[in-house]
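Engineer: For reference, the chains in residue letters:
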Amino acid sequence: MATDTSTSTKFDVRDAEAEEKVEARVGLRYTLSQVRRDPTALAGLFIIGLTTTVALIAFVDSTVFEQLSKIGFFANLGVEKYWLAKTFWYSPVHEPAGAEILRPPFGLTNELYPNRPGTLDHPLGTDHRGRDVLSRLFYGTQIAITVGIVSTGIAMILGTLVGAVAGYYGGWVDDALMRAAETLFAIPFLVLVIAFMTAFGRNLMFAMIGVGIATIPTFARLIRSRVLSVREEDFIEAARAAGVRDRNIILRHVVPNSFAPVLVQATLQVGINILIIAGLSFLGYGAQPPTPSWGQMLSSSRNYMLPNPWFSIWPGVAILVTVVGFNLLGDGLRDALDPRINN
Amino acid sequence: MSRLRYAAGRLLQSIPVVLGVITITFLLTDAIPGDPVSIMLGPSPSAQQAAAIRAKFGLDQPLHVRYVNYLIDVIRLDFGQSLYYGVPVTQKILERLPVTLLLLVSSFTFALVTAVPLGVISAKRRNKPTDHVSRIVALFGVSTPSFWIGLMLIILFAYKIRLFPATDLVMPWAHPSAVDGASTQLEVVLTALHHLVLPTITLGTLQMAAFTRIERSSMLEVLGQEYVKLARAYGVSEGKILRKHAFRNAQLPLITIVGLQLTQALGGAVLTETVFSINGMGRLIITAINNQDYLLVMGTTLMFGVVFVVGVIVTDLSYAYVDPRVSYDDTD
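One line per chain: the protein sequences are A and B, in this order.
Okay, so the first sequence: first residue is 1 according to the numbering used here, each after it adds one.
Okay, so the second sequence: first residue is 1001 according to the numbering used here, each after it adds one.
Keep in mind that the hints are not guaranteed to be accurate.
The calculated SDA-like cross-link candidates involving lysine to any residue, where the alpha carbons are at most 20 Å apart (straight line), are [as the list claims (entries may be wrong)]:
{"hint": "1", "chain 1": "B", "residue 1": "K1160", "chain 2": "A", "residue 2": "Y113"}
{"hint": "2", "chain 1": "B", "residue 1": "K1128", "chain 2": "A", "residue 2": "D38"}
{"hint": "3", "chain 1": "B", "residue 1": "K1160", "chain 2": "A", "residue 2": "Y304"}
{"hint": "4", "chain 1": "B", "residue 1": "K1128", "chain 2": "A", "residue 2": "D335"}
{"hint": "5", "chain 1": "B", "residue 1": "K1160", "chain 2": "A", "residue 2": "S312"}
{"hint": "6", "chain 1": "B", "residue 1": "K1128", "chain 2": "B", "residue 2": "G1239"}
{"hint": "7", "chain 1": "B", "residue 1": "K1160", "chain 2": "A", "residue 2": "P309"}
{"hint": "8", "chain 1": "B", "residue 1": "K1160", "chain 2": "A", "residue 2": "L108"}
{"hint": "9", "chain 1": "B", "residue 1": "K1160", "chain 2": "A", "residue 2": "P114"}
{"hint": "10", "chain 1": "B", "residue 1": "K1160", "chain 2": "A", "residue 2": "P39"}
{"hint": "11", "chain 1": "B", "residue 1": "K1160", "chain 2": "A", "residue 2": "D38"}
{"hint": "12", "chain 1": "B", "residue 1": "K1160", "chain 2": "A", "residue 2": "N303"}
{"hint": "13", "chain 1": "B", "residue 1": "K1160", "chain 2": "A", "residue 2": "P307"}
{"hint": "14", "chain 1": "B", "residue 1": "K1128", "chain 2": "A", "residue 2": "T40"}
{"hint": "15", "chain 1": "B", "residue 1": "K1160", "chain 2": "A", "residue 2": "R302"}
{"hint": "16", "chain 1": "B", "residue 1": "K1160", "chain 2": "A", "residue 2": "M305"}
{"hint": "17", "chain 1": "B", "residue 1": "K1128", "chain 2": "A", "residue 2": "P39"}
Computed beta-carbon distance windows for the label pairs [what the hints assert, rightly or not]:
{"hint": "18", "chain 1": "B", "residue 1": "T1109", "chain 2": "A", "residue 2": "L306", "range": "55 to 65 Å"}
{"hint": "19", "chain 1": "A", "residue 1": "Q288", "chain 2": "B", "residue 2": "T1287", "range": "14 to 24 Å"}
{"hint": "20", "chain 1": "A", "residue 1": "H128", "chain 2": "B", "residue 2": "Y1321", "range": "50 to 60 Å"}
{"hint": "21", "chain 1": "B", "residue 1": "N1279", "chain 2": "A", "residue 2": "L251", "range": "47 to 57 Å"}
{"hint": "22", "chain 1": "A", "residue 1": "H128", "chain 2": "B", "residue 2": "R1248", "range": "48 to 58 Å"}
{"hint": "23", "chain 1": "A", "residue 1": "D175", "chain 2": "B", "residue 2": "T1287", "range": "51 to 61 Å"}
It should be emphasised that the hints constitute simulated quantities derived from the structure, not laboratory data.
Quick reminder that beta carbons are idealized off the backbone N, C-alpha and C, glycines included.
Could you put together the complete structure from these sequences and hints?
Structural biologist: So this is what it looks like as structure tokens:
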């Protein structure tokens, strides 16, 4: 089992009993027990669980129910009323006939409907094409969670590799890779991603890839600094003496032992990337209409801020809640993984 | 002297970074599909016209020749002509840069002025209600999309209460005759400040929150140091410990972040400028990218690259001011 040995070296002057205590403070099981006791991390987990559930509902709704409806599954059972996109809420993609546009949320009025408060049919109102805002928010959750995790995954895998190689080999390899990372930092982030997307494609896939590549330096620098200290450990030297190949030393020993801070950063980065990609969609890069992404919803809401300000409020609240979830979990994980703070 | 030598050495080391910025931007702008000439001349230009433009801007040459030519031009401090605007790149940048700088300076000022006290108070009253409030504010600040804050501020303060305007940013150095309802320079400055309030909060909230978090954790770390405990044991008052012993030592991480955030805040500026319809650098770059105005894209990213490099060096040098133990004799 991978244990965090680099921290134990700080305590090498203490007696064996203290050493044992320190040993018990690292590792996956300890982390999990800390997370379980930390209200911050728990709150984060709760929010992430909630948003993931919503994303799953949207996913099931958009794929499973669609397929079931195609084969006439609902006709015999009479359960079609549970298909969100079909009945209770309007389709998030197709414009319905006779739609009422820019309806206010339940129980409230706006300039367009001064005498007709919103109804439960559209709890959060409708958008500029009469589509239900709540169901679009549901579908947007699916997009946000996916882009956040995929873009972070790209950055984490590539950044870990780059950082581990740079830190392990040192010398000119290190110099070259770190200068490259610095170069990516020196170009304003959003400009880099927008130029990348203009060159290769204005859609969510390239938004994820672009943001992933642009955040490689964050992970590369983080893991490099860890590798620099892990590299000097006895067990690495032992592995080298035993004739283990460099690639295996990096992948099996160096990376797992440097992983704790990467996990913290990755959790926080999911939130950051959700914000960035929402910003890109807001600027017209990223999700294109009619894809119900939160950033894109905010972008179209700009033209209707006076008649129906509610339309601008909900997507932002959704982004805020989701990102708060990842930030809380990240903070909680950091507290759990960094034994210094708990002392 | 050693400090000067250090700065010079660092500048030399940054040359590969600046070269990298040029190369990446050059390749990216070249990969953008479409033809810049057709954007300039309309959808169906005559063959001679197009050829003439191509020859004029050197677009008929292969990629590596254009790249080398561009490098030579940059060394001669010639950044070329904007294809789209038809004016020198330098002129266009000089025209737009002050707007964005004004926005960045005001939002960073707002962020620092609010974040430093918040962080210090939060650390001093750790786990008390004040701390909780400040931490929640900071958490929400780093989790909220800046452009959404802008939209909410516009709805609330420009449409509902009509307290602050949402568009038509005025520069404080504009001539009074060019500004509505202003007859003296002072009135122009006041109008400018009035217009700046909403964009500043929009752009500055994220920074404010990030700075608050760093200031708090850094203060907490310093307050747990042995020398602070010693001062406490000697009976030095808490206020004096905070002011004289802890505060200055806790500023290093904040300085680092402020330095690094300088270029990254431009991303936020793109969004803020879009929300408030401000014609600054952010929107200039986006327009340039969309129009394949590659010399303008190159010029602006190059400028930000240099700003970044210089910013990092200045940040490093300022460590010595805050912490006299930092020395630059040993360049690594």
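Engineer: If a hint holds in the structure, say so; if it doesn't, say that too.
Structural biologist: Each hint, compared with the structure:
Note on B:K1160 and A:Y113: the hinted pairing holds, with a Cα-Cα distance of about 17 Å set against a maximum of 20 Å. Using a Cα cut-off of 20 Å, the hinted pair B:K1128 and A:D38 holds, with the two alpha carbons roughly 17 Å apart. Our distance criterion of 20 Å between C-alpha atoms is met by B:K1160 and A:Y304, whose separation comes to about 14 Å. A hinted pair counts as satisfied when its Cα atoms are at most 20 Å apart, and B:K1128 with A:D335 qualifies at roughly 19 Å.
Between the alpha carbons of B:K1160 and A:S312 the distance comes to roughly 14 Å, so the proposed pair stays at or under 20 Å and holds. Distance check on the hinted pair: B:K1128 and B:G1239 sit about 17 Å apart at the alpha-carbon level, within 20 Å; holds. Of the supplied pair hints, the one linking B:K1160 and A:P309 holds, its CA atoms being roughly 10 Å apart against a limit of 20 Å. Straight-line distance between C-alpha atoms of B:K1160 and A:L108 comes to about 16 Å, which keeps the hinted pair within the 20 Å bound.
Straight-line distance between C-alpha atoms of B:K1160 and A:P114 comes to about 16 Å, which keeps the hinted pair within the 20 Å bound. Between B:K1160 and A:P39 the alpha-carbon distance is near 38 Å, which puts this suggested pair outside the 20 Å criterion. For a cut-off of 20 Å, the pair hint linking B:K1160 to A:D38 is broken: about 41 Å separates their Cα positions. In summary, the hint linking B:K1160 to A:N303 is supported, as the alpha carbons are separated by about 16 Å, within the 20 Å threshold.
Among the hinted pairs, B:K1160 with A:P307 is consistent with the structure: their alpha-carbon atoms are about 12 Å apart, no more than 20 Å. Only pairs whose Cα atoms come within 20 Å are accepted, and B:K1128 paired with A:T40 is accepted, the gap being roughly 16 Å. For the suggested pair B:K1160 and A:R302, the alpha carbons sit about 15 Å apart, so the restraint of at most 20 Å is met. At roughly 11 Å between alpha-carbon atoms, B:K1160 and A:M305 fall within 20 Å of each other, so this suggested pair holds.
With a CA separation close to 16 Å, the supplied pair B:K1128 and A:P39 stays within the 20 Å bound. For B:T1109 paired with A:L306, a C-beta distance near 31 Å fails the hint of 55 to 65 Å. The supplied range of 14 to 24 Å is met by A:Q288 and B:T1287, whose beta-carbon atoms lie about 19 Å from each other. The hint said 50 to 60 Å for the Cβ distance between A:H128 and B:Y1321, and at roughly 54 Å that hint holds.
At about 50 Å, the beta-carbon gap between B:N1279 and A:L251 stays in the expected band of 47 to 57 Å. In this structure, A:H128 and B:R1248 meet the distance hint of 48 to 58 Å, their C-beta atoms being roughly 54 Å apart. Between A:D175 and B:T1287, the C-beta spacing of about 37 Å breaks the proposed range 51 to 61 Å.
In summary, the structure is inconsistent with hints 10, 11, 18, 23 from the numbered list given earlier, while agreeing with the others.
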